[in-house]
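Student: First to last, the sequence lines map onto chains A and B. Position in the first sequence (from 1) plus 1 gives the number in the working numbering. Position in the second sequence (from 1) plus 104 gives the number in the working numbering.
No lab work stands behind these hints: they were computed from the structure. Be a bit skeptical, because a hint or two may be false.
One side only, chain B facing chain A, incomplete, derived with CB under 8 Å [as the list claims (entries may be wrong)]:
#, residue
1, Thr-200
2, Tyr-295
3, Phe-333
4, Gly-448
5, Leu-460
6, Val-546
Sample of chain A residues with no beta-carbon within 10 Å of chain B, all distances over it, derived [stated by the list, open to error]:
#, residue
7, Asp-21
8, Asn-76
9, Ala-86
C-beta atoms are modelled at their ideal positions from N, C-alpha and C, and glycine is treated no differently.
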Amino acid sequence: MSLTTDEVKKIAYLARLGIDETDIDAYASDLSNMLDLMTQMGETNTDDVKPMAHPMDQMQRLRPDVATENNQRENFQSIAPQTEAGLYLVPKVLD
Amino acid sequence: MHNKTITELAKGLRDKEYSSVELTQAYLDRIKKHQELNCFITVAEDTALEQAKLADSQLASADAGLLTGIPIAQKDIFCTQGIKTTCGSKMLDNFTAPYNATVIEQFNAAGAVMLGKLNMDEFAMGSSNETSFYGAVQNPWDTSTVPGGSSGGSAAAVAARLSPAVTGTDTGGSIRQPASLCGITGLKPTYGRVSRYGMIAFASSLDQGGPMARSAEDAAILMQAMAGFDKKDSTSVDKAVPDYSAGLNNSLEGLKIGLPKEFFGEGLNSDIAAAIETAVNEYKKLGAEVKEVSLPNMKLAIPAYYVIASAECSANLSRYDGVRYGYRCDDPADLNDLYIRSRGEAFGAEVKRRILMGTYALSAGYYDAYYIKAQKVRRLISNDFSNALSEVDVLMGPVSPTTAFGIGAKTSDPIEMYLADIYTIAINLAGLPAMSLPAGLVDNKPVGLQVIGDYFSEDRLLNIAHKYQQVTDWHQQTPKGFE
């Protein structure tokens with residue numbers, strides 16, 4: 002199993018992850034090696050096996066739908082790169 | 105003072121041989137003296153001395169527990185209010201958490217003093233501490249070698265006596281493998297035993313925090329503070345916490361030890377195999393019975409782990425978007441450019457590899473072939489452990505196939521680095537507890553014995569470890585220059 006540089010670029014875009022053009026070949030090669038390792042799983046029959054998502058197989062706990070936390074907007078926004086009037090600022094999305 | 109156990113230090117504080125401020129200052133001085141090891145990302149000198157002062161007043165009023173006034177240090181994956189939390193990444197180099205992790209709150213409540221935040225592989229992804237944005241950590245046993253990872257700063261700090269004990273986290277071996285390579289005692293608890301609230305997530309179904317110390321006796325004291333149900337962690341298990349120190353001296357007469365044959369095959373250094381055999385023989389002298397068992401799907405642990413861990417990592421790390429906290433690139437042209445460059449400029453190569461791998465494994469058309477397949481294999485591996493642990497009480501084997509390797513020796517080949525965790529990864533997939541105990545030296549480098557138990561058997565594992573440490577002195581060996 003080997004990944005092309007175009008596939009790597011596509012995955013990187015899906016992950017919104019910038020990678021240097023000069024590194025793409027190396028990522029393609031590393032990821033291909035990792036996929037080779039993973040294809041070893043194909044040799045084992047798992048047809049009747051239930052996927053295991055979590056070691057405890059426990060249910061998610063529920064709680065009453067009531068507010069338990071105080072609003073900490075200022076506290077949380079104090080570490081944000083850019084805010085204004087209680088909002089997080091990003092580059093303009095709509096013209 | 106730096107060679108004393110936590111119990112001895114606690115007694116010294118009560119007998120007024122020294123104050124917590126004096127003890128804390130002594131460790132701060134030692135950290136400064138050995139800063140070339142690069143164990144710490146942040147030394148919290150001012151807050152440590154304030155905490156020590158408070159501890160001294162608690163000690164004076166007899167309102168004190170075993171950890172009151174004892175210095176410890178935290179892996180820089182636990183969020184600390186008011187003190188920088190980086191997770192070893194440029195992404196969080198400017199991040200000060202707005203709240204404390206539950207583990208931090210627990211140690212604060214116990215009166216412990218936090219010396220600082222320990223170096224680690226970036227977002228806990230690595231087995232050598234070399235992926236840290238803050239640089240490699242040196243192993244005090246041989247400063248040209250790695251301490252292991254991802255809790256490399258944690259393990260090296262305990263081995264160099266820069267802190268009596270510390271915390272680590274273990275997603276695929278990140279407590280046990282560095283404990284092994286640095287000759288200290290580490291415990292990865294059962295998944296769900298220690299709260300993950302405020303512990304920065306890498307692979308949420310595998311991550312688990314635990315203690316790293318010089319002995320099982322000290323690890324038990326830390327475990328007592330860390331364990332317990334936390335309603336803030338949706339995967340925390342609501343189960344009573346035993347007294348971890350109470351049963352340390354229980355007899356091992358009749359203990360059934362299983363040796364999984366897959367742990368002793370090709371790839372294991374023969375001197376390490378011999379050290380493990382010697383350790384198992386010590387257990388026989390303590391009354392244990394030993395038999396061979398099998399974990400037939402062990403060879404699939406690494407591929408299944410790297411699918412699951414990468415998939416969970418790609419989902420968890422999508423939160424770093426340059427918008428709400430953490431690194432943001434300069435002058436983004438538009439929103440996509442903001443995401444792409446912020447993440448591209450602030451994540452290191454190993455983190456990027458895993459995000460790419462996980463994104464691929466979860467993408468349309470590949471989800472069943474990789475992610476669901478890996479989850480099915482995960483169940484087979486977990487069933488193997490259940491079967492083996494129905495025959496015996498614990499499993500024993502090596503922690504790592506080699507002793508500490510050279511800094512830079514494996515950085516060019518990610519797969520070779522992944523194989524450093526070949527004996528530890530399967531335990532995380534099953535969610536079981538396991539320990540690493542110092543069990544010998546090969547060419548003056550530590551070897552770790554791994555002891556794996558059934559779910560929630562941490563008290564029994566600590567007992568098994570403690571009894572061994574009563575008849576051996578590997579855990580008391582100190583690297584040259586750090587006595």
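Student: Confirm or reject each hint.
Tutor: Hints, one by one, checked against the model:
1. Thr-200: At about 6 Å, which falls below the 8 Å cut-off, the nearest Cβ of chain A leaves the hint on Thr-200(B) intact, so it holds.
2. Tyr-295: holds, 4 Å
3. Phe-333: Hint on Phe-333(B): violated, closest Cβ of chain A at ~10 Å, above 8 Å.
4. Gly-448: With Cβ-Cβ at 2 Å, under 8 Å, it holds.
5. Leu-460: holds, 5 Å
6. Val-546: violated, 28 Å
7. Asp-21: At about 8 Å from chain B, Asp-21(A) fails to clear the 10 Å cut-off, so the statement is violated.
8. Asn-76: violated, 5 Å
9. Ala-86: holds, 16 Å
Of the numbered hints listed earlier, those contradicted by the structure are 3, 6, 7 and 8.
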